[in-house]
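Start from chain A and add chain Y according to the hints.
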Amino acid sequence: MAKAPDFVGPGALDVSFTVNGDGVRVHVPPHRTLLDTLRETLGLTGAKRVCDEGNCGACTVLVDGTPVYSCMTLAVACAGQVIETVEGLASNGELHPVQRAFIDHDAYQCGFCTPGQIMSCVALLRRDPSPSADDVMRAVSGNLCRCGAYPNIVNAALGAAKKRTKR
Amino acid sequence: MSIRVVKTQSEFEGEISEEIALVQGKDLKAWGAAADLSIVGKRHPRIDGIARVTGRAMYTQDLYLPGMLHVRLLRSPYPRAQVQRIDASRALALPGVRAVLHRFNAPKAPFRGEDTIFREEVRFVGDEVAAVAADREETAAEAVRLIDVDYEVLPFVVDLEEAMDEGAPRIEANGNVSESGKYERGDVTRAFASANTVVEQTYRTSTQLHNSLETHGAVATWDGDELVVHESTQHVFGVRAGLQNALKIPFSSIRVICDYMGGGFGSKGGAGKYTIIAALFARQLGAPVRCILTRDEENVAAGNRSATVQKIRIAAARKRIVAIEHLSWSNSGQGKWVANPPGPTNGLYDIPNVRTRSYRVVTNMGFLASFRAPGYVEGTFALDQSIDELALRIGLDPLELRRKHAGRMTDPQTGKRYSLKRLAQCYDIGATEIGWQHRRPEGLRGSAPHRRRGYGMASQLWGGSGLPPAYATVHLNPDGTVVVRSGTQDIGTGTRTVLAQVVAEELGVTLKDVRVEIGDTNDQYAPISAGSLTVASLTPAVRLAAADARSQLLDVAAGLLEVRASELRVQGGSVISHGRRTPLGEILKQVDNYTVVGKGSRFPNPEDVSLKTFGAHFVQLEVDVRTGEVFVEHVVAVHDIGRVVNPLLAASQVEGGVIQGLGFVLSEERVVDRPTGRVVNGNLEGYKVPTVRDVPKITVRFIDDPDTKANNVGAKGLGEPPIIPLPAAVANAVANAIGVRVRTAPITRARVLEALALRR
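Protein chains in written order, with the working numbering: chain A, 120 to 286; chain Y, 336 to 1095.
These are computed hints drawn from the structure, not numbers from a lab. Just so you know, nobody snuck in bad clues.
Restricting the straight-line Cα-Cα distance to at most 27 Å, the calculated cross-link-like pairs of lysine-lysine (DSS-like) are: (1) Y:K1044 x Y:K361; (2) A:K282 x Y:K377; (3) A:K282 x Y:K847; (4) Y:K1032 x A:K282.
Everything numeric in this text was worked out from a predicted model, so none of it was measured.
This is chain A alone, in the form it adopts within the complex (with noise of 0.2 Å):
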């Protein structure tokens, strides 16, 4: 896979990636963040821009497998590598069991702050498939949610994972 270049700009220029498991090519400054590369170019509105400074997490997306806040990514940083966003998770018309538990649980209110939160599950239950109560809260613990539905996030993710493993 191509390395980012180090140095580019100043204007617009053509950056690839893999979305969902599409290759897309984007025509983009230098300064355009993944986010709005996401919501406004790609037609991806799931992530949510909430802050726009990387304190809120309603915008983390998977890059590489690592979940980051897409608002503090630039796009022309993702050439090469591999994205995920909440739009590519359920495949087949099958939800993720992130997907599944989160509706089950009742782990959202306004529903804003969700692409996040499952996007942050997901990504722990790759690396740990059994995790703690407090390892989820450890992995959401940089996604806010203003409705309070901390309590039936951590359930969820517990729920998935509990799924996961009687499989």
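Below, chain Y alone, put in the same frame as chain A:
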């Protein structure tokens, strides 16, 4: 059926208003405690869950329309100033900038009692000075920095208590302080004179910022002669009214849509300046226009919960409370009203002599907006602490003292009987669940030598009766599926799911066959989703609409099956005739494409009873006396809200209220730099909303006793109740733990340490 006009009185957030409700036919008999319900009252996950977890739920922020322009606003850097000259030529010269609006060129657009969007005299840091529309948001942001403005800076005041001072700059002609609420019963003066014990204290609460994760914003399209506005709002019809008032265009030309919305907590009650600005640009430039606030803007110019200073005098004689006086001053900023913090003092406890006054104090800060139980959170923080202080002085357990004043079934304010009141039961459950018997008046040793443990509790009073008008339609499709339509909103509480449950129950169909379409002014009117009134206003209306649809369906089925309608019933999506089941779809397909449309409207509340919700929170916590940190270990929240339509969603609502209350009492505080009037923590880094790590064990209990006098579903509201008593319960537990009281919220480590130091 002919329409009847009914005049009625309704309560919204403690205020009584006259409403006119249009009703048809007769209301349905309320579902009682013994009603055999299979869908209502059960734990059902949200019917819109898939949209929420897949990222497909469309929020206003997610709308990107072809050719859409982006707006950014220039806001006043001064708390008070005259805008003397604006030169936008450098901004307009920037490639991509399409137009700039400001007070010298904007069309007249009346807004909230003023005749313009852009004031000549800006009155807080963040007041709108100019707006830029550009091809890209970043271009608009850059252009804002290129607008040259001449200001004449004027004298200002930003702090509540400074503004109350005689020598403060007068920022309104009649002075900064005005009376906004007043209540009296009994003879307070005499009662205080003859009392054995009097406690007098001052309590303070800080400005709380809503910080809904989705900021305020609108996307406007002016297509031909129709203005379509997508807005993140709690009231699409309120936005429509604001647009009509500002733009003077007919309702037939305005459509407001709110599909999903990312939180409001009271702050999104109608059109904002951003709405009008988006509409003005859309008309002027002939393109869709998006105006979404940034996080910083959200925290200076989209509302807040007023800071308060409250003085309470409370008196006891013969181990009972005989009198209370509660005076309250609220920082309304540039808001035109204030909430009434003494509201709970007026009505919660049966105290014979009560005097309360509420004052609005204007300052050069952003305006207040309703914030989840406005006034009642602040007021209960003071009231329920004063009760504990009095109990300590007269040597009574604070719960015992409350019990003496919480049992009566008559509303002390109106003299009417409560339709239902289970406050004493809330106390019983809460005390058992928290282990109240472990509480000691002097507190307990904690889990380490430097930690002290304490218990505290507080009570909750709120309306939550719901109100008319509220209308809905139920559409039964030829294939047996159902669509419920009403111009209400789901602000995160689960409106769609709850309405679907009631319709499925009444109509006799399965939940999966019901879809709910809300948030569109092209549908029937529904009230603002605030004041805990959505469930209690809408569920009775949709139930009537479902009953109307069922009655029409049975007429159709009777004709087709050649039986009498009275011999038929609907169950599980089928018509049952003498033991034979025929699926609805099979019946209705015989009449081709006919859609049965049932109509329902909310009947007035009964006027001969008092409709209220009650509750109590109990808290167990520890305080680290070296660092001042408060560790909340367990919260028990018990609420008496009539029927619980969906226990799964209701529990979420309570947990959320408790967590927001924890933020209010432990960490949330807007900080303003007094010399400049700037909010220094208007972001999610410096302004501390609770994180997952701040959440204690929360036990949620409902009395779940249907209030059959309230409405045909027996349900009351739950949005506000779970935030109301929590801050006071925490404050009481802290005082119990460390033996000294912190009377200012939030109870930060600094304030705890200060209180401990002053005691020594």
